[in-house]
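Asks: Sequence:
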Amino acid sequence: MARATDAVTREIIKNALMSAADTMALTVVRTARSAVIKHGMDFSTSIFTAEGEQVAQGLTLPPHLGSMAPALQGVMNAFGDDVQPEDVFANNDPYEGGSHLPDIFLFKPIFVNEALFGWSCCIGHQTDIGGRVAGGNACDNTEIFQEGLILPPLKLYDRGVLNQAVWRILEKNVRVPEKVLGDVQALLAAVRFGERDLLRLVDEYGLETMKDYMADILDSTEQLTRAEISSLPQGEWEFTDYIDNDGIDPQPIAIHAKVKIAGDEVFVDFEGTSPQAKGSINPNFAYTKSNVYAVFKCLIDPAIQSNSGFFRAFNITAPEGCFVNPQHPAPVAARGLAGFRICHTLFGAMAQAMPGKVPAAWGGGEVGVSFGGYDQNRKAWVYLEFINDGPRGGGPHIDGADGLSCPVLNMANTPIESIESEQPLLIERFGLYPDTAGAGKYRGGLSLIRDFRVLAEEATVQLRTDRTDFLPWGVEGGKPGTPTHNYLNPDTELQELPGKYLTTLKQGDVYRMIQAGGGGYGDPLDRDVYAVLDDVQQEKLTVDHVRREYGVVIDAGSLELDLMATEKLRGEMRVLEGETRS
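Mind the numbering: the sequence shown is residues 1 to 582 in our numbering, read in order.
Derived from the structure by calculation, the hints contain no laboratory data.
Do not take every clue at face value.
[As the list claims (entries may be wrong)] Calculated cross-link-like contacts (lysine to aspartate or glutamate; reagent style EDC-like; alpha-carbon spacing at most 16 Å):
no.: 1; residue 1: 211; residue 2: 11
no.: 2; residue 1: 568; residue 2: 526
no.: 3; residue 1: 258; residue 2: 238
no.: 4; residue 1: 379; residue 2: 422
no.: 5; residue 1: 155; residue 2: 96
no.: 6; residue 1: 506; residue 2: 451
no.: 7; residue 1: 297; residue 2: 222
no.: 8; residue 1: 278; residue 2: 140
no.: 9; residue 1: 278; residue 2: 143
Just need the whole structure built from these sequences, with the hints factored in.
Replies: Quick look at the structure:
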């Protein structure tokens with residue numbers, strides 16, 4: 001029987017566990033070899049109970065929030081009681097609890113008095129995992145076997161002894177083994193620090209006390225989560241958002257969600273979503289659920305801890321074989337794009353439930369790009385980045401941020417110095433692109449533009465982008481953001497590329513990426529004219545654009561605001577708007 005606990009000690013232990021997970025995260029950042037982890041921050045850390053319940057997560061990626069528990073469950077299902085001190089388990093199989101093949105999970109069991117007490121866990125996105133395309137995210141894969149090396153739940157260390165066969169298989173199946181193996185070693189260091197810190201807490205508080213308080217933390221989180229859900233509007237809301245295509249079939253993919261809030265529970269049903277895609281943008285169901293959790297973390301008290309107690313208030317269903325619940329051997333490598341659209345769909349539903357609370361859709365987060373090739377000595381190089389620092393949507397009281405990671409990510413862009421020093425690429429342009437923000441009383445954020453020049457003799461480039469046909473939507477009369485664009489040699493031949501594409505570039509070729517802009521919030525004709533003037537003076541918007549979208553008249557030479565002309569033009573535009581609506 002669990003003993004009585006007190007709130008003060010619970011908070012101390014809860015924060016100590018979170019600190020342990022954060023120490024693990026710092027260890028990864030300080031020791032990882034690849035840019036996608038040490039700069040892009042595409043990894044997560046966590047502490048689990050012996051039964052596989054997540055009790056603390058580090059300050060890393062929210063979409064990993066619900067991904068680690070299924071991957072650990074896959075290990076527990078595969079090995080049962082065959083878990084020994086100093087074992088380390090690995091798993092990247094999406095159909096045994098993993099996420100997608102580039103995400104390698106490591107799990108270290110933690111023993112006290114020869115009994116299993118908990119687990120220390122890490123997930124890290126690898127620069128390469130083998131497969132037919134460098135970087136492992138090609139959208140035109142048609143089955144998981146093309147995507148790279150599959151590691152079902154296995155022992156990387158058996159009682160402290162490295163499984164050399166697995167290590168060599170990993171080494172020989174990736175293009176950049178020094179980075180991949182280096183990153184796995186960083187994850188290994190992190191899970192060992194997690195074990196160290198958890199055992200220190202056991203030494204300080206005692207084994208039974210720690211068990212009691214870990215259970216209490218989960219129950220307390222559940223109670224706080226349910227109380228927050230109870231305060232949300234009650235009812236049902238539906239929304240559908242779309243992905244342009246899967247890179248193989250031209251038709252759009254619909255993600256439909258019905259959200260029901262009933263008392264202290266949330267029900268999300270994806271009935272009506274398109275069937276699973278041929279291409280690799282399918283999200284496995286664990287990742288789908290992770291993104292549902294991430295959305296609601298944005299809508300309730302952010303101080304509530306991210307753990308399995310939070311999950312208990314959610315009931316998430318999707319038909320087997322639909323896009324958000326694909327069946328083996330569906331490819332899932334580029335599933336990150338679908339995760340963003342799942343979030344947009346949920347936010348779209350909740351914007352109806354909570355008017356005046358939910359911002360417009362962000363843009364740009366779907367951009368993933370990888371380059372790969374060989375140097376003169378036939379040594380492989382791979383550059384992988386998810387350019388997630390993009391435009392946010394306008395909110396009820398504030399403009400969408402420019403160049404800030406989207407609401408459900410904590411990722412960052414790779415510094416240009418790192419890109420150019422490690423790969424034969426030259427970044428010739430990187431900045432905000434004018435006139436791309438969705439117009440509104442509070443405008444969306446501006447798109448990022450980046451130009452990559454290939455310095456190698458030849459390089460493969462793989463694109464994972466979206467929002468060309470179905471734009472980031474606005475709210476309360478706000479206009480959508482502008483579309484994504486991908487160009488080859490924009491200053492010469494200006495060839496527009498498909499959003500999901502694989503091609504070979506030659507030395508001197510330039511690839512230009514322009515993200516989709518963030519959606520606007522509220523009627524653009526209600527935007528403060530001096531805010532519009534400031535945007536023009538800051539070169540975020542042009543004179544012609546603000547005249548057309550906001551009805552604001554600014555002299556192109558002096559950049560002076562003409563208030564009388566603006567009032568007249570806005571009046572005329574309001575009349576036209578009224579005629580259009582009627």
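Asks: Run through the hints listed earlier and report the numbers of any the structure violates, in increasing order.
Replies: none
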